[in-house]
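Asks: Single-letter residue listing:
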Amino acid sequence: MSTPILELRNVRASYGSIEVLHGVNLTVGRGEVVALLGPNGAGKSTLIKVASGILRPSAGQLMIAGRDATGASANALARAGLCTIPEGRGIFPNLTVRENLLMATYSGHKLSDIEHSTYARFPRLAERRSQLAGTMSGGEQQMLSLARALATDPVILLLDELSMGLAPLIVSELYQQVAAIAAEGVSVLVVEQFARTVLGVADKAVVLAHGKVQAFGKASEIGEDVLASAYLGS
Amino acid sequence: MQELLTFTIIGLSTGAIYAVVASGLVVTYTTSGIFNLAHGATGMLAAFTYWQLRFDWDLPAPLALFITLFILCPLFGLLTERIVMRGLQGTTEVVRLSVTVALFAFMIGLANTVWPSDGSRQAFLKFFEGNTIHVGGINVSWHKVITFGCAIIVAIVLRLLLFRTRMGVAMRAVVDDRSLTELNGGRPNRVAMFAWALSAMLAGLAGILLAGEQQLNIEPLVLLVINAYAAAIIGGLKSLPRTFAGAAVLGLLDAYYLQFSDNSWFPQSFMGFGLSGIRASIPTIVLFVALLVRPQSRLRAGTVRFREENKIPSWKTAVLGAVSLIVVVVGISGMLTRSNTLFLLNGFTLAIVALSLVPLTGYAGQMSLAPLTFAGLGAVAMSKLPGDGNLLSLLAAITIVAIVGAAVALPAIRLSGIYLALSTAAFAVLVTKLIFNQRQTFMSGNISVPILDIPFIDINSPRGRLILSATAFSLLGLGVIAIRRSRLGRRLIALKDSPVAAATLGMNLTQTKLAAFAISAGIAACAGALAGDKVSPQQYDFTQSLPIVLLAVVGGVGTVGGALFGGLLLGGNAVLANAVPSLKNITKIMPGLTGITLGRNPSGATSQISEKFRPLLNRWGIISFSALGGVGIWALDASRIISHWAFFIGGVFWFLAVMPNLIAIVDGTSQRRWWASAIALTGLAVSLGVDWDQAVDSTGKRLLSLILLVAIFGVGTQRVAENAPRIHHSSPDLLGLDVALSPDELDNVERELGVTI
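Each protein sequence line maps, in turn, to chains A and B. Here our numbering is used: the first residue of the first sequence is 1, the next is one more, and so on. Here our numbering is used: the first residue of the second sequence is 1, the next is one more, and so on.
Only chain A is shown next, with the shape it has when bound in the complex (with noise of 0.2 Å):
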């Protein structure tokens, strides 16, 4: 087996004096795409804050391709390619849909590209290139959140709770762009309360409670028994 695009040692992470995850171990291989499930409280959101580089761990490393990535910023963990789409919309409110694709640009891409790629996905958002991102609907601000992920050609994505607040229907539609982005081979860390909408697109998933990894495995062998011990707490 190849070494993994992403992996987390033994992490620790906590926030002043209290840990929210107590030893972590979790690997994300080339082209996988990989669910964390687990009820509200597990740490999932601490998880991709790690993961992505805004909170460092306590203990434990991060590796990126085989590389020791703990301590790095965020910012420079973005610009190696790896796309986070941060829980609620990952957009900036009060820039319009225009000047939030060129932020887009800090991954090395040219805004003509981006454009380009992301009005041809999302016609919608061409008709409102010159609007305030923050006057669109939920919807289209999350459309807006993928379009990066989508056009900056990410080694790894995380997303974090994209159904949070969306339509059922949206949300269904969202994650065809997902299994989309997974399609071209990029790794993808996936982060949703709603076990069911993810397991679809997933290959494996990972169920965090109490700030431990309770159960790991395929996609498909992820019971309804093992979820509802980790939700229910049984």
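Calculated directly from the structure, the hints in this document are not laboratory data. One or more hints might be untrue.
Claimed, not checked - The following residues of chain A were derived to be distant from chain B, with all beta-carbon distances above 12 Å:
#  : residue
1  : G31
2  : A80
3  : F92
4  : E127
5  : G138
6  : G165
7  : A182
8  : T197
9  : V201
10 : Q214
To be verified - Where chain B lies over chain A, by a calculated footprint (3+ residues, C-beta under 8 Å):
#  : region
11 : 69-75
12 : 105-118
Even glycine gets a Cβ: it sits at the ideal position worked out from N, Cα and C.
Following the hints, put chain B in place on chain A, whose structure we already have.
Replies: This is chain B only, laid out in the frame that chain A set:
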């Protein structure tokens, strides 16, 4: 008609300068959320630097301009961001604002030091002095044309930069979402440094342009920023086009007022009050109006965790502190020279003013830049009221000013944070210009405030007044602590921590804010009403308020001790400047320097110091021993065995170097404690034994020796005595459940709970 055109051109060119300053202010506010009160001071420093290069060292103008604007200003901006502002993330608006006040004080001190106003400076020339061009029948100087052109260029460049370049878009992106900017690959720190450099350049440009129009003086250049505040507020601290429009309006208002006020029909007074102060107040009035018509800021929900934290003092601590403060002041007041008594008296007065900020700023989180104004109003009220200084008229004065405080707060109450702070600043400037500077208020420059008349006690001496003010501070301090421990105190804290949560719980935010303002104004009024001497309006000037606000925040505005520390530090600064003339320049910069460190320790200095003394409170034996030591040193002085200097140095040594280490010595292992005691005793013996008056020839050297003694012996004692193994704190949500409690932790828990076996 032609006259109108002339004044329009003059107004627009003044407005152009305001616009350049204001745009710099907007740039840093939008990118870092810090409202830079020191912005005008930056321009002032740039103007002086340019003068130095151009007129003193005779460099050609383009070279001097290039060096000032494109090398020194950006460098200054970069360093400001890197050294001072970067540490301020996650602090309250109060701390952020105070840091810029500190920067302000620092820069004025620096300018006063490097370019003392001794009149040796030759004139600051306009660009192309003497050259004019003819526009529409009137002559306009080239300088005005250049000024105007600069504003237009700045407008175009800023517009292009902010909307067309990635750096500009990133500057706006950082405001929206800092961490998302990082996730995009942007570098927020670099963006902020760029913004500060740009802002410093704009301030510098405006400073140089203005210095050409006016004289090269510190004051007008610094206060230039008030005009810029007004323009920036009109632009909502955000929109550059509206900021430019606001600046133009301000410039025109000023010019037209100048024109019309010359006419005979123009009223020169109103209800007996002279209106000569109006012109200078125009920007302030515009600022006030612009603030008041602003849409109410929405209450924002969200979890904001501030870095400041203060413990609530217990009654035992509070009473013990108050009593020992009075005892110490009574004890040492007998041995002070008259001038030092007056300085200490001043320190306590300032401490009371700083105390007025504790409920308002420290508890309720509402920034006020006008504490001294209320003190001034208190002094005026006390002197005008009948009763010649009896307690009733004191109470009446306090009540009147408290009502004024609430009344002033009423229109401003909808504002929060920076807007509120600016409206209090506007109020302070207005009161100074329109009330304090009136002959009706301060006849012939000063008024005498009657001395408080307490039956059977004569306080008609500096010493009596010192003891009175120390007592007043102690009592007011106890009152403030009582407020903190009451229902009102909890409301004030709720107002600071989360206005949204407080409002949803049904708390009346307006009432609570009004109460905070009234209490604060009342306490400040006390400081003025107890002056008991002649006072002048300069004492209560707006610019004098800033160091008090600053030092209160430095000391720790959330605590009574912080207010005392701040007031005494400011008073002590004057003592130092008086005693050691060579240090005068350093003492000018000192308040600024201390404030700049705030970013590292936002809770203030006293919280750090009191951490060291807190353990003592549970040990009556050690407290008694400490007090005994203090009394002993005092007795040595009283019986003339040691000199006053030895008493002072020995006392400070005892307090700072010995007392914090007593517990470690008492609890330490046998061998170490003897060593530690030996070091402490040696230091004490040196402090008390040296014949300071004879052996050391200057006050400065004595103070330096004191600092060295405390540093060497104090730290030495601490290092040797502190050998107890450090308690390892596990994560609290694991402790006792996933991880077994160690014996140390058990001890610690029991001590915290007060269960000692």
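Asks: Could you work out which of the previously given hints the structure breaks and list their numbers from low to high?
Replies: Per hint list: 2 and 3 violated.
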